[in-house]
Amino acid sequence: MKTSTNLSTALALTGITKTYPGVRALDDVSVSVAPGRVHAILGENGAGKSTLVGIAAGSVVPDSGTIGLAGQQFGRMRPSEARELGLAIVYQTPALAPALTVLDAVMLLLPESKRPPRRSAASWLTEHFTALGLSIDPRALVSALSLREAHLVEIAAALASEPSVLVLDEPTEALGPEETRWLFRMLGELLERGVAVVYITHRIPEVIEIASDLTVLRDGRVVGRGDVADYSEDAIVELIVGRSLETTFPPKLDGGVDAPVALAVESLSGEGFDDISLVARRGEILGVAGVEGNGQREFLRSLGGHGSSSGIVALEGVPLSLRSPRAAKRAGVVYLPGDRLGEAMFGKMSIRENVVAASLHEAMPVGVVERRREYSMTRSAIQGLAVKTPHLEVPVTALSGGSQQKVLLARARLGDLRVLLVEDPTQGVDAGARVEIYAFLRELAADGVVVVVLSTDAVELEGLCDRVAVFSRGQLQAMLDGDAVTERAITGAAVLSTTHTRSTQVIEGTPKRRRNAILAESQAMVLVGLTVVLAAATTLVAPAFVSPLNLGQLLAGAAVIILVGLAQLLVVITGGIDLSIGSVVALATVVISFFGQGGPAYFALGVLLALLAGLVVGSVNGLLVTRLGLPPVIATLVTSIAIVGAAQVLRPAPGGSATGDIMTAIGTTIGGVPLVLVIALAIAGTLWWVIQRTTLGRGLRAAGSDPVKANRMGVVVPRMRFLAAVAAGVLAAIAGLILYTRTGIGDPNTGQALTLTSVTAIVIAGASIFGGSGSAIAVAAAGLLLQSITNSLSYLGLSLSWQYWVQGVFVILAALIPIIARAHRARSAAPPGGSS
Amino acid sequence: MTSTEQRAGVAGRPEILDRPSLARVVWSWSGTRALVAVVALFAISPLIAAGSVGPTAIVSMLPFAALTAIVAVGQTLVIQQGGLDLSIPGAVTLGALIVAKFGGEADWGLQTAIVVAIVGTSLFGLLSGIVVAVFGLPPLVVTIAVNALMVGAVQAISSGFGAQTTPELSGFALSRVWGIPVLVFFAVGIVLVTHLVLKGTRLGRRFELVGENPRSAYNIGVATRGYRIAAYWLATALAAAGGVLLAGLLRSPTLTAGDDYLLASIAAVVLGGTALTGGRGSVVGTALGALFLAQLSQLVQTFTQATAVQNIVQALIIGVGIVVQLQLGGNTARLRSLVRRDKSRPPAPTTR
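Keeping their order, the protein sequence lines are chains D and E.
Basically the working numbering = 1-based index in the first sequence + 9.
Basically the working numbering = 1-based index in the second sequence + 838.
By construction, these hints were calculated from the structure, which means they are not laboratory data.
Careful: at least some of the hints might be erroneous.
Covered by chain D, per the in silico footprint, the following chain E stretches (three or more residues, Cβ under 8 Å) [stated by the list, open to error]:
| # | segment |
| --- | --- |
| 1 | 952-962 |
| 2 | 1050-1061 |
| 3 | 1098-1106 |
| 4 | 1136-1147 |
Listed below are several chain E residues computed to face chain D (Cβ distance under 10 Å; list not exhaustive) [stated by the list, open to error]:
| # | residue |
| --- | --- |
| 5 | LEU855 |
| 6 | PHE973 |
| 7 | ILE1150 |
All residues carry an ideal CB built from backbone N, CA and C; glycine is no exception.
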């Protein structure tokens, strides 16, 4: 397909196929989107819509097919390429790395040509937000935004990039009606300018309102396309579901409204929902609905024993204890989370092990494995569920989404099942299995199990449920039953009720945790303060501590720690860890020690070679991690041992002292401060600027904070990891050079302890050990403190062991404090409806 | 109640078997590749160095294989819980030092010293486990810190000087039963007991479930913390036990005696086929991995006496082995695709 895309097509996806383990997500799908028109992509959960737009935006690589954009054809593309070519996308779950500020995130999302100059970026973004009528603080952390605000930020960034193709994946799911109006107004303006809009939604009325063309996907295939004007609402729904609603869903309960109450919830409150009272009747399926983030998920989870809640839940008149999932299970309550892979399945384990997992007492009555019993239990559990598999030892991740859900239902069915709570029961399930699962749920209900279904798909709730509870702002907004259970009524009730939320949250804006420049460096202040206190205390005991000689030693020593700390910081920010830092330091001292006897030029050559050695080791680490997929800890451990070996081969015993001239030249002090410390501080300052203020730094932080989202934002994550590894190697080599200037000998066995010190430095500097954030300046302060501790130990008459103990205790405490503080904050401030 | 009757119940569908054929079970067992590697290594050893598979060579290699296996079993448990124990060196050294320093009759006596060495050191593992499981800190950072605590303890106890074990302990550690080094019996015993508990009991099944996915396990009512804490605790205890035996083997253990066992323990686990992502594991595979490493190191030693070169060569080979094992993943799909092409279906489902 070499023909250039003609002008009447802004985006053309041709013959796209994509398979995931166990499922063909897209099968030969072609879509072409015309400029100046809204093209709706429709389908049930898991029909392949999000995969399709992911391919268009470059975040998903297709197995085959081509992407035509801006007159060019691509077999695959990177997210950043798609953005540069004028395609902007707003994801269903906002793709904003949580450790970034709003400003960082928007800057990363903009194509290079549309990026404002660095100095005026903050004021530019404030103006842009104001022009759009949004009040969001550009310096707020993404992790502190509500789901709605994150959506609005992503939409604002997409608008600022002046796209020729705008892709919106369920944009109105988290928005209120006024914001939806606002969005549609914006879309109107874009359409007039000839922008092509791809619009994914569940909400059929929105399709009728704004879309001109539509493509319907089912199980990864195109099952319908054409002009929206040619279809009625009902016709569109039937196209999506694949058959009439009557044949997809089992018949509902007759006269269910009069059935006796089975499950009674009385004024249940918890994190995200407040004072909920409702009942589920015997034999009925109760639906739970709401706009994302309005407390309905938390409500369902709390029934399953998650989170603390207050109120009364009674089954057949008997109050239940739902303190924990364990207690819930004992009461016969089973919760099936929507995130099957993450929260329900044991992915690499077999169907058998997954099915009997919750019934191990029955499967092993005397505590010993009995395979036969497990097989027969598994067989009886999956009976009638039509799990498609050759045998029962297949790992569940190899099954299709439908079969996975059936395995989970089979697990729930074993044992004494009385209440089944299901979240998104057919997410990622093909149409055939969907029908079987609906029928199974109906059968369970008929057998006396209380079935509660939470779904984001209002059509599904309409077809499956006898009654539907609609949540809003953590409250029960409406209870629909009988003929009132319709998609329109469910969506309407959920959306209507969010009207008043807009005025309280978006316009006034809530105070957010900001990435305040001064506050961020408070950690450095604290560390410097501690250093001063320690130095003062030591001086009281031993006045020699403040002698110029000792202070010079201390400051020069701090330079080494600062540099290894910075090396570790770069790697940790990108989500890795480097255990080879100490070995690189040793290698660098050994390399340079061969060049200490000649003139300055000879010495300079040695410096270059030592730096080169660091560069090579860093590159090897980077390649092992990014190309071969080794976990960073193992890759760097292997190289670490190889490097020490190499250093020992070069210099089996310590030696290679430098001439006095060179030592004097390097020992220069500037106003009493050793030159080497000045160098280390300069590097720290530069790195701080790079990490905080540049596109590269944003990329590094995004990569460590959330690799998947970073990739969607256009960050090439492996490149960031590789760069960090290389930089760490070079920085560690510089640390080795400085160490050599202090000791004057090359020693292959020195520096091993510096790996621990580097980790200690970044942890007490407040860098996130999970990646994504960290301050180079705080690391410099940490280096000063750590060297002061080492130095003062001997003055205080404490043995070497204290050096290790202090570091070990520091690491654990410094890492624990933010986690405990966060848990405390979460407990003390739990706004209803705020979390997702 | 035969399975044929049950299968007949599902009419019109292909029958679902209990398990795949025996050949497939063996083929997909994670330890199979380790076994193949061990057999291949022993087969080519005589070609590389004539004496490397003689009785003398084997008997001198086995104690180190046994030590690595004992330590690596603990590492397997931690890796099964999705972690990694970087405090192995500290634990081995501390165990060795305590028994060497206080094992004499004039001090605590050998038995007391062994108990203190293992139980006392294991408290550090308990600390790691609690911090990791209760507060959710990354295992790497926690175990690096706890290793520092143990190294500090080593420094404090030793004041910088090693100690000599009693002849009693070293005599025992070097002794043989039926010509086989006694350490081998320890290693085999520990591996077998661990294997039987993991694969044959409810406790072991729960341990693997928690390792595979702690959130899923919590959701179905398993108390996950205990299993995770136990993994770190046992790993440190086993490392300390390894240290005690190492002290006997070396007579006067150095203060860095444990350093060699960190990479070795991780390499043995990976070569043995246990996924680094946690979950199902095979301690038998780990033991085979340890045997492979010990023989490899023996082979490298026949070429050069320089420890430095041995380190380099071993690191390279271990690196290659880990890459190969990880690239092949926990399944044979990649291997098969190297041999033949499956045209009828999209790429075979893979487990990751």
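Okay, the hints, checked on the actual structure:
1. A count of 0 residues in the segment 952-962 of chain E with a Cβ less than 8 Å from any Cβ of chain D is obtained; the coverage claim is therefore unmet, three being the minimum.
2. Residue count for the segment 1050-1061 of chain E with a Cβ under 8 Å from a Cβ of chain D: 11. That meets the three needed, and the coverage hint holds.
3. For the segment 1098-1106 of chain E, the stated coverage by chain D holds: 3 residues have a C-beta nearer than 8 Å to a C-beta of that chain, and at least 3 were required.
4. Interface restraint, the segment 1136-1147 of chain E with chain D: holds (4 residues with C-beta to C-beta distance below 8 Å; minimum three).
5. Against a cut-off of 10 Å between C-beta atoms, the interface hint on LEU855/E holds, since the closest Cβ of chain D lies about 4 Å away.
6. Contact between PHE973/E and chain D, as hinted, is supported at the beta carbon level, the nearest pair being about 6 Å apart and thus within 10 Å.
7. Because the smallest distance between the Cβ of ILE1150/E and any Cβ of chain D comes to about 4 Å, under 10 Å, the interface hint for this residue holds.
Hint compliance for this structure: hint 1 is the single one not met.
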